[in-house]
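With the hints as constraints, model all of the structure from the sequences given.
If you read the protein sequences in the order shown, they are chains A and B. Count along the first sequence from 1, then add 56; that gives the number in this note's numbering. Count along the second sequence from 1, then add 56; that gives the number in this note's numbering.
Simulated from the structure, these hints should not be mistaken for lab results. One should not assume that every hint holds.
Copies of the same chain are indistinguishable here, so a pair counts whether it falls within one copy or spans any two.
Said to hold, decoys possible - Straight-line Cα separation of at most 27 Å, DSSO-like style, residue types lysine-lysine; simulated pairs:
(1) Lys134 x Lys238
(2) Lys147 x Lys238
(3) Lys94 x Lys286
(4) Lys134 x Lys93
(5) Lys62 x Lys129
(6) Lys246 x Lys164
2 protein chains.
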Amino acid sequence: MAVRWKVTIAYKGSHFLGWQRLPKGRTVQQEIEQLLKKIHREQVLITGSGRTDRGVSAESQVFHFDSFLRIPKEQWLKIFRMMLPSDIYVKEVEEVDPTFHARRNVTKKRYNYYIECGEYNVLESDYVYQLNRSVDLERMREAAKLFVGTKDFTAFNSTPLDIIENQVRTLREITITRQGSKVVLSFLGKGFLRHMVRMIVAVILDVGLGRMEISDIEAMFEQNDKEACKFKANAEGLRLMEVFYD
Amino acid sequence: MAVRWKVTIAYKGSHFLGWQRLPKGRTVQQEIEQLLKKIHREQVLITGSGRTDRGVSAESQVFHFDSFLRIPKEQWLKIFRMMLPSDIYVKEVEEVDPTFHARRNVTKKRYNYYIECGEYNVLESDYVYQLNRSVDLERMREAAKLFVGTKDFTAFNSTPLDIIENQVRTLREITITRQGSKVVLSFLGKGFLRHMVRMIVAVILDVGLGRMEISDIEAMFEQNDKEACKFKANAEGLRLMEVFYD
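Written out as structure tokens, the structure reads:
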């Protein structure tokens, strides 16, 4: 009987065209499925907790797959760590109940967005947004409050309404902290829509830079259409930090 | 009359074949000289404070060049920042006396070596050595003491003796500290020989891992030949931190 495996991984987004398998080009899913095919000598598909866009990194992303091979979890961990390329790192492998589903069972996700407010940093530029100027944290925190709670995020994501009609989602918290010369925005919620975090970051950042007012955000919520917000923060600053299950 | 410019830069070593211009392949010197040639419409050579090997990064490297163009320093800064690729960052441009020499006038240099002792980090793996196990800092500090002061480093560098006969150099200090899950070895000295820091790090690390004893290092110093030490730590962990002038 097949065993279902839950796997937790980290990856460096700048090296991939994103999570999802594509007809052509290097993606995280494709790299992992390619290895699983080699091991199983047949195609084995994986199911991620959700996609990440091109350039977005993960400190902790989760997927599941089923295997008929009798390989213990310590062995899976060794195989993955030895055979996957160095920009994907398998943190944990667990045997789970066959009813576990990496996407459907998600209860919460945490995304962080990293902004370098100090001098340009050549070493971190693949995975930190290089703003290289100071921002007003208090104004940003004021702006962030508007997005917390259960809201219609139609204006703040790029999923078309004919694909997902109901764009009401719940953001549980947005915290904004300094880490050295960086500012980190941390989002906790269930169900993020496409580009939602990056669009919210762009708006909060514009407030922090004095290019936008709180009332402008209120107007965007009122307008409530796909034309309201035209910007999204760069992909490299975004990182999937954790996927939660019950 | 030509003006001599002193330029301070940072670069991401993993993207280059090293500092020095090569007949083929991407190097830091080649990228900068290529830009200066475009600006001057003739070849302009730069002189670095010294070379860095393939894979070695710099938070602060210095070079000088001479130019007949009447470009003020703020303008040079803008040109460099706009036209150099994103893995080279110009931090400062200063007009200096024509007698200033970026290599000959060096009084000290600081190199840091970064070791990740915690979990493998996909994001930092280009510029931190991934050891991913714990080390004994006290033993490492004991080992480091042997290298501080004026010593014959013949056994601990790969410059052949027929190229540089006198391999006595002075290391002013080696500090070893924890920075989160990383261990950082910081070297301050004048005149580092080729691979010297990386060979010393390899030996100190072997002591920290219990694979070598203090007496083994003493034996290497006594042997005092190019066969004594066969290892050097990986390039990616090494970073040129600062070049000092009077």
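Please sort Lys246 with Lys164 into within, between, both or neither, judging by C-alpha distance up to 27 Å. within (4 Å within a copy, 54 Å between copies)
If the cut is 27 Å between Cα atoms, do Lys134 and Lys238 qualify within a copy, between copies, both or neither? between (35 Å within a copy, 23 Å between copies)
Given a CA cutoff of 27 Å, do Lys147 and Lys238 count as a within-copy pair, a between-copy pair, both, or neither? both (26 Å within a copy, 18 Å between copies)
Evaluate Lys134 and Lys93 at a C-alpha cut-off of 27 Å and name the case that applies: within, between, both or neither. The answer is within: 17 Å in one copy meets 27 Å, while 50 Å across copies does not.
At most 27 Å between alpha carbons: which applies to Lys62 and Lys129, within, between, both or neither? within (10 Å within a copy, 56 Å between copies)
At 27 Å max between alpha carbons, let me know whether Lys94 reaches Lys286 within a copy, between copies, both or neither. neither (43 Å within a copy, 37 Å between copies)
Of the hints listed earlier, the one the structure fails to meet is number 3.
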